[in-house]
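Colleague: Here is what each chain is made of, one letter per residue.
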Amino acid sequence: MRRAAGALIRKDLRVELRTGEAVPAMLLFSLSTFVLFHFAIDRRSVEGDLAAGVLWMTLLFAAVLGMVRLFVAEREQGGFDGFLLAPVDRTALFVAKATVLFLFLGAVELAALPAFAILLLGPSPWGAVPELVAVLALANLGIAVVGTLVGALGIQTRARELIVPILALPLMIPLAIAAARATSPLLLELGAEPVPGRWLAVLGLYDLVFGLLAFAVFDFLLED
Amino acid sequence: MGAADGAPAVALRDLGRAYGERVALAGVTLELPRGATLAVFGANGAGKTTLLRILATLLRPHAGEAVVLGSALPREGWAVRGRIGLLAHEPLLYRDLSARENLRFHARLHGVAAGRAEALLEAVGMARRAAEPLRSLSRGMTQRVAICRAVLHEPELLLLDEPLANLDPGAAGAVAPLIGRASGAARVLISHDVEQGLAEADLVLGLRGGRPALLAPAAAVGADDVRELYR
Amino acid sequence: MTPALPLDDAGPYVAAAYLVFLALILIYVAIMAGKLARIARELGELTELVARRDERAAPADRAGDGSPSGAGPGSHAGEAVPR
Amino acid sequence: MFSRGLKPLSIASVVLIVGAFALVFFYAPNDADQGFIQKIFYLHVPLAIVALCGFVAGGVFGIRYLRSGDRAHDLRSYVAIHLSLVLAVGALVTGSIWAKGAWGQWWVWEEPTLVSFLIVFLLYACYQPLRFSIEDPERQARTASVFAIVCGAFVPLNFLAVRMAESLIHPRVLSTTGGSMPADMRTTFVVSLVAMAVLFVTLWKYELTSKQASMQLRALKRRLADDDDPWVPTGRSAAPQQL
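Protein chains in written order, with the numbering used here: chain A, 1 to 224; chain B, 1 to 231; chain C, 1 to 83; chain D, 1 to 243.
Possibly wrong hints are sitting among the right ones.
Computed list of lysine-lysine pairs in BS3-like fashion (alpha-carbon distance at most 27 Å, straight line) [said to hold, decoys possible]:
(1) C:Lys35 x D:Lys211
(2) C:Lys35 x D:Lys221
(3) D:Lys7 x C:Lys35
If you're looking for bench data, these hints aren't it; they were derived computationally from the structure.
Construct the entire structure; sequences and hints are all you get.
Modeller: Here you go:
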């Protein structure tokens, strides 16, 4: 299981390094969205819950791009068949893909967050970096799990570019609520306030529920 | 594995599969001993690929029984995975990775040493171009890499869908020890080259509209009997 | 809390809500009626098909090829029909 | 297979629905706060509760399909979700009318149950497009079951998150649990809820029977059509085509 997941993760990262199909696109999308937000809400800078909202809207939409791409190579280049022929646990594919999406999101945020701080954010976020990283990690985990599930659902269809976003966005609403509420105290004009623990708990619960669920049902998406 | 080792490579009874309301395969009954070769003939859409995918555990049968290497499908599919080599119509390789990376990836999935991948690349004459991404290779070269992938884990049953497609005679000679009779594995071979297919086979299955139209030892089948299937 | 509205103001809203429910049920009935009509039409086609098949099968039996006509609907009917 | 008990169920739903509405208008008193407009409550809340239960039932049948591979469960799941979507539209529209009547606005974000319900509706609205975009019937059934299970688990989580986001700031306006409801109002509500549930089961069985009838018809047609090709194309569909 670990051997197979490791091989899959390494394979995906290598393909991504070579082709740059997901992360650069997600990052560019995020930057364009920040610019769009600047004009759409007509603000030079944002703070507090508005900042958290803008940030999470952007990140969630960028994540959807990654979800759509996640399984394309497996479907189009026979990766599913190649994997299914090997004597390994099928859950390895779920673990690997969720990890890859998690890493992609982390990579995007590594560049998108400084860009956000420079372009739009009023208060300096640097004082609250550890809390911010914690919220991002919990939220990314949820996005990765749900995204892998939705990506695998969408890849079964003939219209994955449509199905994945319309499925993923409503599914991520609880996550968006919790992530935005947890982030907004960190981005206040008058200095960061502590993160409300209950929103971290909601994020954790979300990760847990969908993680267990994905473990239970993912195999069925691979059969034929 | 005890008793399973004495079992035939493939034993089918009334095997059937439908896609929705379209019947792709029905009523296939046969037995293929270990080390023997079954040649499958039939026009496009006759059910050859469906049969191959069922044997590879990628498709579950809807009717009848399929026992592969002593394990009943689909229930015991886990027991035969890793003992079958599938050379499908598509190479099942990542186009953005090189031949070496692809094979090493599959070697890791199958728990095979990386040295085996190198040896195979050498054997099919691909060692020199093993570092190029597959998308820059010709179809014949890709096919050679795909053959390496199929035999990487030394399978006991080889499922071959037109294995020599796009291969020049030299390359065909190079892969013969891997996927030919010399490999020692039982083989299910789909071919459109009637003479060559018959020469390789011990048993011949002809499919028409998903149903067996011909099932006989290869010695008793003439090339014209097979051509009749395509009419 | 917003103060309670007088009855005559609220009446139309309540009526509208219950009418929405009624409309949903009626639309549902209409859709099911469409489906039923299709089933009836297809059944008609099938009846016709069977009638034609019987007509074709009857002379074949009289020609005396010995095939029993009472194969029954359960067996594969196609076999009794000469091509 | 599906039609058993359909007749008594139909009669029961007629009696119960008529009875429930009679109770609503002739028995239950006007609400002390909201007055006559509160009568929508006896329609809106049962619609919403039954729709949610239908969604969850769809997930349960999805689990049973994945465990057994029996297409009948997929059909049950499909019809349950499909009907629940219809009821959900009713719940959203009646909820909106209630909001307009009581607070002068067509939509109130302060009401977490309504907001959650909208989210759940948006999610389940993807069910039909998802099914429609998968041609292979077996894959369609499996993917739809996975969807139904995932969304079934999503429903409570979503209610929790939305409730937490709103209720700590605003008092809940449409109290639905009925803890403080007078007895006659509660009786009316319970009867309405039961009536709606029975109506749902009746319609569910009705549609299952209809689907089964057309499937049998198609199978019969295939058998009678005596050409070599046994395949009568049926076109793409979101609904299960075969048992």
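Colleague: Take the hints in turn and mark each one as holding or not.
Modeller: Here is how each hint holds up against the structure:
no. : hint               : verdict
1   : C:Lys35 x D:Lys211 : holds, 9 Å
2   : C:Lys35 x D:Lys221 : holds, 17 Å
3   : D:Lys7 x C:Lys35   : holds, 19 Å
In this structure, none of the earlier numbered hints is contradicted; all agree with it.
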